[in-house]
Each structure stands twice: as structure tokens, then as C-alpha cells.
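Make a model of the complete structure from these sequences and hints.
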Amino acid sequence: MIIADKTKFAETLDALAGSLSELPLEDTILVGIQRRGVYIAQRLAALLEAKTGKKVSQGILDITFYRDDLSLVALRPVVHSTSIPDDINDKIVVLVDDVLFSGRTIRAALDALADNGRAKAVKLAVLVDRGWRELPIQADFVGLNAKTKYEEKVNVKMQELDGEDLVEVVEKK
Amino acid sequence: MQWTKKDLLGLENLTAEEITVILDTARAFAQIATRSIKKVPALRGKTVVNLFFEPSTRTRVSFEVAEKRLSADIVNVNIAASSVTKGETLLDTVKNLCSYRIDAIVVRHSCAGVPHYLAENIEPSVVNAGDGMHEHPTQALLDIYTLREKFGDLKGLKVAIVGDISHSRVARSNIWGLQKLGAHVTVVGPSTLIPREIERMGEGVEVSYDLPATLKKVDAVNMLRIQREREQQVQFPSLREYARYFGLSTKLIDQTPESLIVMHPGPINRGVELSGTVADGPRSVILQQVTNGLAVRMAVLFLVTGGTQIKEE
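In the order they appear, the protein sequences are chains A and B. Numbering-wise (the numbering used here), the first sequence opens with residue 1 and increments by one. Numbering-wise (the numbering used here), the second sequence opens with residue 1 and increments by one.
None of these hints come from the bench; they were simulated from the model. Nothing here was measured: the structure is a model prediction, and the numbers come from that model. Just to be clear, a hint being listed does not mean it is correct.
What the hints assert, rightly or not - Here are the computed lysine-lysine pairs in the DSSO-like style, where the Cα-Cα straight-line distance is at most 30 Å: (1) A:8 - A:55; (2) A:173 - B:5; (3) B:38 - A:123; (4) A:123 - B:39; (5) B:5 - B:39; (6) B:6 - A:173; (7) A:6 - A:157; (8) B:216 - B:150; (9) B:68 - A:120; (10) B:5 - A:172; (11) B:5 - B:95; (12) A:157 - A:172; (13) B:217 - B:155; (14) A:120 - B:39; (15) A:120 - B:216.
As the list claims (entries may be wrong) - Derived Cβ-Cβ restraints for the label pairs, each shown as a range: (16) B:155 - A:71: 50 to 58 Å; (17) A:85 - B:61: 28 to 36 Å; (18) A:90 - B:78: 40 to 48 Å; (19) A:5 - B:2: 29 to 37 Å; (20) A:85 - B:156: 28 to 36 Å.
Note that beta-carbon positions come from the ideal geometry of N, C-alpha and C, so glycine has one too.
Here is the structure:
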């Protein structure tokens, strides 16, 4: 079931950028979590520049080494790059991801960030919050709230990776 | 593609895709060395044993640092102070270590095939840190990583390996790995130090006895250490004569394009196979190789310890 088509996708990003524009952007870094979080962060940065005229710093983060299930998954997940260009000390880091589910990815991201310095504050912006938290983690900026069953899967497709902008809820096979 | 093996025994039996997975993973680990906290929890709670039957500075230290930066617990076994001196067999030694439920063994041994023998007989992952004259996969991987960072795609790249090829596990692993990624290898050295029929190895290796001519035709040259002890044997008249014909001197390097990359696995005999000026010069990537070695070894340890659970099917 499609819960956001191309138009809704764009409106959602725009609304998110609107909320983020309230932050002191000169002291903010948008850190996208690999992989789709990175593209969402890039789009948000572009929207923020269009709205406010200010360029926002960006970084990318791969949390593979900080996952809490490395001993449980037999095969190693593919690792992508991490690059946080500025010193995060005294900056507000906004973690950006596509879907917030159990919260474990964000927990790993917080640990990864802690090994990169001491941010002034860390906030979380997600395109979709689908509930079912397994850890006490919350998003500060949410694009869409989706009520889902645990067995379902939320797929976010993006032009840059998948050729289209779309959010759908499907049955897990 | 995903890495599915529990061991790294050599490059001969790896596919190009598997080698690429290691190199890509190494790149992610290279970033960690640039942070102020140079550690990730990926191998937290895992135990790795370093079992070096032959001396080593570089490989040994870099594995140790790699293991520590992965948050693993490490044990360095001092062979000379162990019961090996009382005649305990290799397999008995290793099986006893495995009784501590360790996760990986990094082994260097003077006999070819030791890592393969161990891998067949024990559950923990085995990483080959050099077996006799057979393979030294992590050295070749870091050499290839270094070339990849410089040149990008290795297809069609021309690499020369110079020195005592016959006794070199570094040369052999490099040949396997480079060929799989599409590079072309030329080996250079006195005919007494080039193994017979090496031209038939893998996809075919070119043999040359003329270093100056070869240097004009290749993109990168990997200089191997000439073992000083071999001077006492009959393979070449003297170190000085070796250096004259097969050493990379300043005079020789000046006749090559500035784009030529100079590599060496270390330790260097300054003035023999490589002049000090060239080793420290602008074409040399020797210290980058060492830095890259750490990232490559972290990647290897990360990948093989993920492979330990696969056999439970």
C-alpha cells in the first residue's frame, strides 16, 4: 500500500525542512545515515538553502560497526563510507534516516557519533516513524507517522537509488 | 556480494569479487584511523590469538593494532617461551588454544600450508600472516589497496615485482591478486632468483632481466627485500652487483616518468634493492602501504569473524 506518492513525498520533505529551519543552521550538521538517510539529508540541505539562503554542513554515517547484532548475523553486511567533515564539538548534529522502527539503528548512530567527538546536542529527523520501538528513542522531527503491523515492512524508495520517490507498506515475505 | 568464508588463507582461491569486498570494507576502516577515537566495537568480546612462528615487526604489530581497534581481546603467543620448545605438535598447540573458545587465529609459519591445515581442523577463523614461501595474502591485499587508491580500476595496470621472486610469498600473493583484478605483472630479477615456469602462473606473467627497460613500461614497481644472508649462497656474486643491476637507484628513477609508483613491503635494505633517496622520495608510497595495511587487516578480521556462523546450516 502506497502511503506517500511522489507529490506527498516532496510535501513531506518540504515540511521537514520547514521545521528544521528553526534550528541555528550555522551550528548545525545534518548527518545522513547510510544509505537512504544520506539522500534525504542532501535533499533537506538543498531545501533549507532554498528557504533560508544558508548552506548547512552535511556528513554521512555508516553504523555497521556499531550494530548490536554483529554476533548474531552470520554474514557481514556491506559497509559504506563514513565522512563527517566538520568537528562535531559544539555543533548540533541532526541524524537523518528514512524509517524509524526499533530504534536500534539510532542507538548505534549515537555510539558512532560519540566516537567522533562530543556534539552540543543530537537531534533526530526521520521521513517515516512506523512505531514498534524496542529502545527508548524518539524522533524530534517526523515527516510521516505510519501505523503498521510488526510483520509489515516500510519501503522508502528514492529517485537517487531506486528511480522514484515513494513510501509503501508491504507484507514481509 | 557478501563475504562468506570463515578464513583468509590466500588469494589464489579468491574471486575478484571477494577481493573487492575486502578492499571496499578496508576503505571504511581507513576512515576510523583519522578520528580521535580510533576504535569501533565490531569485535567486542571476541578473542584473537596471534601465533607467529617467524619473526615479524610490521605484520605482527599491524594485526595487533587492528585487533585492538576492533575492540577484540588479543593474546600474543611467544613461541620461543611456549611448550613448542618441548616438542608439542602444531595441532596440539592450536587445539589447546581453541579450548579457550577463541574466535580467530592469525598465524605465520615457515611451512607452506600450515594455515590451510589448521583451518580444516579447528573451528575458529584462520588468517594467514605468511606461510613459508607460499602466500602472504594481507600484504598483497594492502599492496593492491594502495594501487587502487592511486589508480582506481586496476584493469590493464602494469605492475613490476623486482627481487628474489623464488623465495617470495609476497610476490606470489601479489601475482594472484593483481591478475584477478585485471592487472598485468612482470617479474624482474637475476635468473637465479626467478622460479622456472613462472611465466605460466595464472593468467601469465612476463619475465624480465632488464630493470631499466621494464621501468619504462610499467605504472608501478614493487621492490622486494633482498635477503642479505643469500649473499653467502651462490645466487648472485655480491650485494653490490645485485644493487647495480636490480636495485632502484636515484640515477635509475630519474629516467622514469614521475607518475611511476614505487612500493616496498618492508623492511628496506637501504642502498641494496632501494636507495634511501628513492624510498623517501615523491614516487614512494611505502609508508602509505603500512597505513593501508592496518585498514586491510581490520577489514579481514571483521569479515572472517562474521563467516564463523555460516557452517551451521
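Each hint, compared with the structure:
1. A:8 - A:55: holds (25 Å)
2. A:173 - B:5: Holds, because 27 Å separates the two Cα atoms, which is no more than 30 Å.
3. B:38 - A:123: holds (24 Å)
4. A:123 - B:39: Within the cut-off at roughly 24 Å; holds.
5. B:5 - B:39: holds (24 Å)
6. B:6 - A:173: At roughly 29 Å apart (the allowed maximum being 30 Å), residue 173 of chain A and residue 6 of chain B satisfy the hint.
7. A:6 - A:157: holds (10 Å)
8. B:216 - B:150: holds (18 Å)
9. B:68 - A:120: holds (29 Å)
10. B:5 - A:172: holds (29 Å)
11. B:5 - B:95: holds (21 Å)
12. A:157 - A:172: Roughly 16 Å separates the two Cα atoms, so the pair holds.
13. B:217 - B:155: Satisfied, since the Cα-Cα distance of roughly 16 Å is no more than 30 Å.
14. A:120 - B:39: holds (22 Å)
15. A:120 - B:216: Answer violated: residue 120 of chain A to residue 216 of chain B is near 55 Å, above 30 Å.
16. B:155 - A:71: 50 to 58 Å: violated (38 Å)
17. A:85 - B:61: 28 to 36 Å: Holds, since residue 85 of chain A and residue 61 of chain B (Cβ atoms, about 30 Å apart) stay within the stated range.
18. A:90 - B:78: 40 to 48 Å: holds (47 Å)
19. A:5 - B:2: 29 to 37 Å: Holds: the Cβ-Cβ distance is about 33 Å, inside 29 to 37 Å.
20. A:85 - B:156: 28 to 36 Å: holds (34 Å)
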